[in-house]
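Kindly produce the complete structure, drawing on both the sequences and the hints.
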Amino acid sequence: MSNNIIEVKNLVKKFNNITAVDNISFSVKEGEIFGFLGPNGAGKTTTINIICTLLSLNSGDVTLCGYNVLKDKNKIRNCIGLVFQDPSLDDRLTAMENLNFHSLLYNVPRKLIKKRCEEVLETVDLTNRKNDLVRTFSGGMRRRLEIARGLIHYPKILFLDEPTIGLDPQTRHKIWDYIIKLKKNQNITIFLTTHYIEESEICNRIAIIDRGKIIAFDTPEALKDMVGMDIIIISSKDNNKLKFYIEKKLNKKVEIHEDDNIKFEVKNSSNFIPDFIKNCPVKITSINARKSTLNDVFLNLTGREIREEYMNAKDNFKLKMRFRTRM
Amino acid sequence: MKELAGIYIIWLRDVKKFFRDKPRIIGSLAQPAIFLFILGSGLAISFQVFGGGGGKDYLEFMFPGIIGMTILFTSFFSAMSIIWDREFGFLKEVLVSPLSRASIVIGKNLGGSTVAMIQGSIILIFSPILKIPITVVSILKLLPIMFLTAMVISSLGITLAARLKTMQGFQVLTNFILMPMFFLSGALFPLVDLPKWMAYLVIINPLSYGIDAMRTVMLGNSYPQLHPLYINVIVLSAIIIVITFIGILLFNKQE
Ligand SMILES: Nc1ncnc2c1ncn2[C@@H]1O[C@H](COP(=O)(O)OP(=O)(O)O)[C@@H](O)[C@H]1O
Ligand SMILES: [Mg+2]
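Chain order of the listed sequences is W and S.
As numbered in our numbering, residues 1 to 327 make up the first sequence, in order.
As numbered in our numbering, residues 1 to 255 make up the second sequence, in order.
Bear in mind the hints are in silico, worked out from the structure with no lab data behind them.
Predicted, not measured: the structure shown is a model, and the values here were computed from it.
Heads up, a few of these hints could be off.
Stated by the list, open to error - Which bits of chain S does chain W cover? Going by a derived footprint, with three or more residues having C-beta under 8 Å, they are:
1. 7 to 17
2. 88 to 99
Said to hold, decoys possible - Heads up, simulated SDA-like pairs for lysine to any residue below, C-alpha to C-alpha not over 25 Å straight-line:
3. S:K92 to W:I18
4. S:K253 to W:P87
5. S:K17 to W:D91
6. W:K73 to S:L164
7. S:K16 to S:E3
8. S:K17 to S:P98
9. W:K71 to S:R101
10. S:K165 to W:P87
For glycine and all other residues, C-beta sits at the position ideal for the given N, C-alpha and C.
Right, here's the structure in full:
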C-alpha cells in the first residue's frame, strides 16, 4: 500500500439540483497537514462529511485507511476525529463531562479515560477550567475543547473544519500553534478546511477548491511560485496618466482598483522600485510592494478573491448562530 | 460491551441534565398541580351538582391519569431534545462516533423514560393531600408501568425526531398528536360508551393502555377497566419494539 491515508476518486455529490462536489480526486499522505482552501460554499464541508461517513455520495470512490466509506463505516468512525465547522459541545455539561461522554462513545478503556482527558486538557490549556460548564467558556476556549475532544481516542486522522472561523486573530494564532504542535508531537494526519489564506500557510499541501472543483493542488510555496511575481500597488496624483505610462513604457498589465490604487506585477520588486521612482513622470503618493499570496493564486485562477465571496443565507445564519452561542 | 458503555453515557447525560435543572423539576409540577387541584376539584363539585355524587371518587379516578399526563409530556419533550441537539450540533458528535444507531436510539429512550418515571413519581407527593390511598406495594408495581408507558411515548417521539430537522414542526406535533393522545387516554374521563370513531382512536392510542394499567395497579378494579393488566403490558411492549425498530431504521438512513 502507498502511504496515502485518504484517497478520493471522481467524487460527486448533489443536493437536489446543486452540485456541491463536482467530480474531484485527490489523496492525503500519512502524517501531513493537508488543507482545503476555498470560499464559502465551495464544497469543503460536504467533502469532509462524505469522507467521515456522515453523508452519502452520488458517485465516486472514497477510501480512508484502506476502508471504503460506504462499506466500512464503523471502521472509519473508529479511526477519525472530527471537529465540526459549527459548534458541537453540550454547553450544559462541564468540559470534563463532554470529554467523558466522548470517551465512552469511542470505547476508550475505562482505566485510561481520566488520564487521556487530563492529557488533552493539558494540550489545549484548559486544565484549570475542566469542571466548569461549557456555557461559561469563550469562543476560543470552546474551540480548543472541541479539538481536545477530537483527540481523546487517538485518531489516526484529525479533521478540522474551519478550525478558527469567527475567532479573534490572537486566538486564531494560538490554535494554529496547537495544530502544528500536535502534528509534531503525535504524528497524526491533519485534514483542515479553511477560507482564510493565512491558515492554509500552515499546511504541507493544499487543494484549492472552488464551486465544487479542485482548481489547484500543491504545496503552498509551489502554488505561490505559480503566480511567481511580486505585486506592486501604487497610488498617485494622476492615475490615468500613470496607467498609461506603465502600460506603454513598461509594458505591464495594469489594474485600477476601486479604491484608486494601481496594481501590477513585476519579477523582482526590490530592483524595480528605485528605478521606477526615479523615472516616473507622475507624482506618486504611496507605493507598496508585496510577495504574492495564495489569495493572488486564487485570483489568478478564478478572477475573484476568496474574501469577497458572497455568503449564502444559510451560512450567514449559521455564522450568526455561532456568534450567539459562542459569546 | 462497547455498545453498553455508549447506551450508558447517553442515558447518563439526560439524567444528569434533569437533576441539574432544579427549576424545571419544580416548574413541571405546576401543570399537574393545576389539573388536580383546580380542574379536578372543580369537576368533582360539578359531578355532585349534576348527578349521583361520587365527587371524591373522581379525584381518585383522575390521579393516575395525571401521572400519565406528566409522563406523556416529559418523555415526549425529552425525545424532542434530539431536535435541539441537531440544531445545536451535538447530534453530529454522536452520529459520527462508532456507536451503532440502535444504541443511540435505545440510550436516548432509556434516558427520557427514566426522567419521565422520576417526574411521574414526584406527583405521588400530592396523594396524601388529596387522600388518595397508596401503599408501598402499589408504588412498586406502579414504577415499572410508568417506565413502560414512558418508553412508548419516548420511542414515538424519537422516531418522529429522526425526521424533524427543525423545531418548527414541534408545535404542530404538540397540537395534533400530544393533545388528542392525552384527551383520548382515559386520563380525565372513563373510556366507556364512546362514539365509534372515538373508540377506534382509543384503540390506537398507546397512552390509553399505560393509563389503564396504572389505574389498575393503583386502584384495583373499582373503576371501569379497559383490559386486564397483562394485556396492557403486552400491548405496550409490542408497540415499544415496533416503533423503536422504525426509529432505528430512520436514523440509519443517510442524507
Ligand atoms: N444539506 C444541504 N442541502 C442542500 N444544499 C447543501 C447542503 N449542504 C450544503 N449544501 C450546498 O452545497 C454547497 C457546498 O456547501 P459546503 O460544503 O457547506 O461549502 P463550504 O464548506 O466549502 O463552505 C453550497 O452551495 C451549499 O449551499
Ligand atoms: Mg464549510
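Status of each hint after checking the structure:
no.: 1; hint: 7 to 17; in the structure: holds (count 5)
no.: 2; hint: 88 to 99; in the structure: holds (count 11)
no.: 3; hint: S:K92 to W:I18; in the structure: 23 Å, holds
no.: 4; hint: S:K253 to W:P87; in the structure: 23 Å, holds
no.: 5; hint: S:K17 to W:D91; in the structure: 11 Å, holds
no.: 6; hint: W:K73 to S:L164; in the structure: 24 Å, holds
no.: 7; hint: S:K16 to S:E3; in the structure: 20 Å, holds
no.: 8; hint: S:K17 to S:P98; in the structure: 24 Å, holds
no.: 9; hint: W:K71 to S:R101; in the structure: 16 Å, holds
no.: 10; hint: S:K165 to W:P87; in the structure: 17 Å, holds
Of the numbered hints listed earlier, not one is contradicted by the structure.
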